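Asker: Read top to bottom, the protein sequences are chains A and B. Mapping the first sequence onto my numbering, position 216 (from 1) lands on 216, and the numbers just tick up by one. Mapping the second sequence onto my numbering, position 65 (from 1) lands on 65, and the numbers just tick up by one.
Be a bit skeptical, because a hint or two may be false.
[Said to hold, decoys possible] If you want the footprint, here are the derived chain B segments under chain A, 3+ residues with CB under 8 Å: (1) 103–111; (2) 140–151; (3) 209–217; (4) 229–237.
[To be verified] Below, simulated SDA-like cross-link-like pairs (lysine to any residue); rule was C-alpha separation at most 20 Å, straight line: (5) B/Lys59 with A/Leu529; (6) A/Lys545 with B/Gln114; (7) A/Lys545 with B/Thr159; (8) B/Lys132 with A/Pro573; (9) B/Lys40 with B/Ala75; (10) B/Lys245 with B/Leu67; (11) B/Lys132 with B/Glu155; (12) A/Lys545 with B/Thr112; (13) B/Lys160 with A/Pro573; (14) B/Lys59 with A/Cys514; (15) B/Lys132 with B/Gly157; (16) B/Lys173 with B/Leu237; (17) B/Lys40 with A/Cys514; (18) A/Lys355 with A/Pro400; (19) A/Lys545 with B/Lys40; (20) A/Lys355 with A/Ser395; (21) B/Lys160 with A/Leu529; (22) B/Lys132 with A/Asp584; (23) B/Lys132 with B/Lys173; (24) B/Lys173 with B/Ser29; (25) B/Lys59 with B/Ser84; (26) B/Lys160 with A/Ala587; (27) A/Lys355 with A/Gly299.
Hints were generated in silico from the structure; no laboratory data involved. None of these values were measured; they are calculated from a predicted model. All C-beta atoms, glycine included, are put in the ideal place defined by N, C-alpha and C.
Residue strings, one per chain:
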Amino acid sequence: MSFNFCRPRLVALATLSCLQMFSPAQATVLHVSHDDPTCGGKSPCYATIHAAVDDAQGGDSVQIEPGLYIEKITIASKNNSPAAGEEQRILIEAVLPDTVTVSEPGDGATVEADAVPHPVDREARGLIMIHHSRFVTIRGLTITGSRAAAVQLRGDHGQNSGIHLERNRLFGNGSRFGEGGIIIESGNPGTVIINNLIYSNRGDGIRLEGPRASPSPTDGEEGEQPVFLVQNTINGNGWNGVSIDASRSVMLVNNSITANGTADTSAGGRFGVLLQGSGGSDAEGLSLYNNLICGNRLGETSGDVFAGQHADNRTPLGTESAGLIATPECAASTGVYESSAGVDGKPGTGDDDFKLLGAGAGHLPSPAIDRGADPLTLGLDLQFDKALYEADYASPGVRPVDKDINRPLDYDVGALELSCECTNICFSQCRIRIDPATGSSSESCAASPFWDPGSQCCDSSTGQTSERHLGEAMTQCPNSRVQNPSFHLCDDTDGCSAGNPVNKQNPTDPLEVCGPHFRFGTLNPKDDLPCNNHDCCYETCNRTKDECDLAFNSDMLAVCNQPVSGFCATLVPDCLEWTATYFDGVAAAAGSSYTNGQNRSCQCCLTQ
Amino acid sequence: MTRRVRAIALSALVSAALLNHAIGGVIISTQSVDTVTRLKQTQRTILSGPLVRTEERGKASIVRSELGKIWELSANGSSCVEYSLADLAAMRRSAADGTRQMLESLAGSAPTPQAQAQLQQMAARSTFALPKASYRRLASGETVGKWTCDRFAKEIGGTKVSEVCVVRLAALKMSRSDLAGIVNASAVFGAAPSTWDQETVSLLENTQVIGYDAFPVSISVVDGSGAPRFVTQLSGLTRSKIPMKAFQPAVNCTPAATVITK
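All chains should be modelled from the sequences, with the hints used to inform the complete structure.
Answerer: Following this line, the structure appears as structure tokens:
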């Protein structure tokens with residue numbers, strides 16, 4: 001399926017009018033601070049978001065300083081000209097992510113919310129309400145405490161187009177009438193809901209409503225363009241994760257829709273994805289790719305959700321439709337997220353953390369890891385800037401991180417891409433491996449494309465390859481030697497090569513009498529004893545001689561101080577004497593052994 | 001024999017009159033784990049006045065400071081070896097000789113004439129220095145088993161060798177006189193008859209640093225990486241009647257000199 005936003009008629013108009021009306025040079029940054037009337041010396045400065053929004057013109061940016069903003073925000077008639085285009089997009093965003101919270105005026109008590117009659121005119125169902133607007137982005141806000149929805153995009157005659165909601169945290173909103181996270185009324189073509197955390201709202205996580213009555217004059221023109229729901233984490237909402245009127249054209253990609261339907265009873269649905277109304281050919285406007293729909297109370301889907309195009313979607317059983325992939329480990333949230341309730345252990349609060357469950361002993365990694373689709377392969381890059389989907393909730397430009405060698409696709413499902421801990425650019429490929437025998441998973445760092453197995457020389461910070469020299473690292477490159485990856489570390493330890501400080505030939509040798517209590521070394525390289533550890537340290541590239549000698553001293557002291565009783569215990573002070581003497585001797589005399597060890601284990605990587 | 005040993009001997013003669021009787025004493029039980037091999041073992045030190053018995057893996061050692069002897073009994077009691085102060089001195093000389101040989105061997109491969117001379121000087125010494133132990137407080141009010149203890153780092157020659165958690169001796173309803181046996185043994189033999197007891201003696205020698213007469217409830221010996229290697233905890237401390245025969249060896253205990261020169 002492909003979607004085409006190109007509208008030659010509007011493009012032609014824009015060519016004429018944009019230069020006059022929306023010159024980039026006229027773009028203004030409007031600053032908002034709830035507690036600093038000077039906005040840190042920046043101008044223009046506003047005390048409320050809605051005041052700044054009211055003044056914003058095409059191409060402007062509203063930058064919001066950290067803080068709690070108790071207000072309702074109406075975004076009305078922005079860029080409401082046929083000539084407006086992407087160049088005039090108005091950006092409303094938090095200066096720092098996760099620092100700006102917008103909440104409902106009043107005490108926000110649930111009792112009061114229940115007492116409010118359900119609004120009939122649909123005009124006051126969102127703490128942030130957008131109507132008659134085009135090309136507006138809301139990014140990085142936390143919206144909570146609304147007695148209706150967090151965000152409402154009005155439809156019909158008041159509908160919008162090109163609205164983006166990016167990287168927001170919407171929780172704890174809603175009413176008993178089913179409003180929750182986001183309401184998208186009819187129309188609203190080109191809406192993109194991407195990389196948002198939408199959780200623990202009272203009603204639906206996202207609701208796409210149908211036309212209220214007869215189609216509006218603009219429905220015929222713009223109604224065919226889809227709404228995009230991409231890479232959102234939609235978890236634990238009271239009603240449905242996503243509720244969609246069957247008349248809508250919607251594309252769901254890489255969403256994690258889990259554990260929704262937490263409210264009592266079943267009126268309005270308690271599913272992962274609910275298709276409202278009649279299906280039939282209308283339902284073909286719904287397409288789903290690479291979504292994880294799991295653990296929703298009354299079922300993962302309801303209605304003919306998969307009547308349209310779909311591929312690589314997962315549910316615990318995989319039986320809801322042909323082509324679904326059974327993924328039983330996602331049935332519980334604990335199989336998907338590491339600790340979704342966050343540090344405070346309470347779900348539905350501001351610290352809820354939907355970081356994916358990584359590799360570890362005794363469990364499979366999250367089925368969301370590397371199970372998303374690259375939006376490029378779905379043609380989404382034709383629709384909007386790839387920076388949109390290369391971001392995740394927390395950071396821009398982080399996707400994809402390829403982690404699972406067994407999974408061909410790179411993007412993680414949901415709003416948070418699991419980061420990779422590999423810092424050596426030569427071995428930067430995080431790899432999750434699953435042991436089929438135990439079902440456990442582990443993570444390692446595999447060679448990156450920078451790694452050249454021929455030269456085996458790769459700068460760990462730049463990835464630059466270079467010529468390799470062996471056996472002379474201490475003279476050729478004493479300050480830039482690197483471990484020879486072909487060297488088998490600790491394979492040729494030889495115990496205490498200078499002789500144990502205890503005389504093995506003497507029948508009164510305490511070593512003979514007291515056995516292993518005072519043994520510092522053997523020839524067996526696997527023995528974890530001071531002399532072998534010391535040999536091993538000397539041939540570990542870039543360990544210093546002092547480091548190795550001090551560790552040797554500590555290892556010998558540990559041997560002397562191990563639990564022992566009886567006659568042999570009375571020799572412990574002697575053992576401590578031997579240790580002190582042996583340490584002094586090795587520190588003074590073993591310089592050549594250290595150099596030989598470093599030359600064996602290190603290599604030079606010399607740039608010509 | 002020193003005046004101190006003679007005094008201890010007199011005390012023991014009095015004790016000998018009560019050979020067939022049980023006498024009051026203290027039993028210190030510990031449990032250790034080797035964090036690498038995961039091997040666990042239990043040890044006991046039984047104290048009654050100047051008399052000491054240690055037990056480990058079924059084997060027992062009877063330490064008679066007043067006689068300058070240690071009797072080592074095998075697990076099934078079938079054999080007994082008697083170590084005298086002279087045997088101990090011989091083994092120490094042997095160990096010192098081995099240390100000299102090692103230093104001479106190192107001198108032969110010394111990288112510079114200066115290092116070679118330094119090693120030869122070290123080898124020529126008649127005795128080698130025993131580094132001093134010191135304690136440094138790390139934390140207070142920690143919980144180990146059923147005890148609340150203060151944690152100290154123990155350093156030898158500036159190198160951390162262990163962490164020790166200690167409680168006040170009085171809190172265990174013990175006094176220094178209860179520990180006289182291991183203090184005496186340490187004076188006579190140069191060390192107490194178990195590493196746990198050596199820590200106990202060392203702590204009593206450092207009362208001013210610790211701030212009170214202290215007794216260990218856990219000892220964690222660290223290795224070259226700084227990680228705990230041997231962890232020992234106090235598992236029991238009881239007062240009990242001890243039969244006097246616990247401090248008597250089997251008859252015909254073989255002198256060590258005849259065993260180790262075979």
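Asker: The structure should be examined with respect to each hint, and the outcome stated for every one.
Answerer: We went through each hint and held it up to the structure:
no.: 1; hint: 103–111; verdict: holds (count 7)
no.: 2; hint: 140–151; verdict: violated (count 0)
no.: 3; hint: 209–217; verdict: violated (count 0)
no.: 4; hint: 229–237; verdict: holds (count 3)
no.: 5; hint: B/Lys59 with A/Leu529; verdict: violated, 25 Å
no.: 6; hint: A/Lys545 with B/Gln114; verdict: holds, 18 Å
no.: 7; hint: A/Lys545 with B/Thr159; verdict: holds, 16 Å
no.: 8; hint: B/Lys132 with A/Pro573; verdict: holds, 10 Å
no.: 9; hint: B/Lys40 with B/Ala75; verdict: holds, 17 Å
no.: 10; hint: B/Lys245 with B/Leu67; verdict: holds, 16 Å
no.: 11; hint: B/Lys132 with B/Glu155; verdict: holds, 8 Å
no.: 12; hint: A/Lys545 with B/Thr112; verdict: holds, 16 Å
no.: 13; hint: B/Lys160 with A/Pro573; verdict: holds, 16 Å
no.: 14; hint: B/Lys59 with A/Cys514; verdict: holds, 13 Å
no.: 15; hint: B/Lys132 with B/Gly157; verdict: holds, 6 Å
no.: 16; hint: B/Lys173 with B/Leu237; verdict: holds, 10 Å
no.: 17; hint: B/Lys40 with A/Cys514; verdict: holds, 19 Å
no.: 18; hint: A/Lys355 with A/Pro400; verdict: holds, 15 Å
no.: 19; hint: A/Lys545 with B/Lys40; verdict: violated, 34 Å
no.: 20; hint: A/Lys355 with A/Ser395; verdict: holds, 13 Å
no.: 21; hint: B/Lys160 with A/Leu529; verdict: holds, 18 Å
no.: 22; hint: B/Lys132 with A/Asp584; verdict: holds, 16 Å
no.: 23; hint: B/Lys132 with B/Lys173; verdict: violated, 30 Å
no.: 24; hint: B/Lys173 with B/Ser29; verdict: holds, 16 Å
no.: 25; hint: B/Lys59 with B/Ser84; verdict: holds, 19 Å
no.: 26; hint: B/Lys160 with A/Ala587; verdict: holds, 18 Å
no.: 27; hint: A/Lys355 with A/Gly299; verdict: violated, 24 Å
The structure does not agree with the numbered hints 2, 3, 5, 19, 23 and 27 stated previously, though it agrees with the rest.
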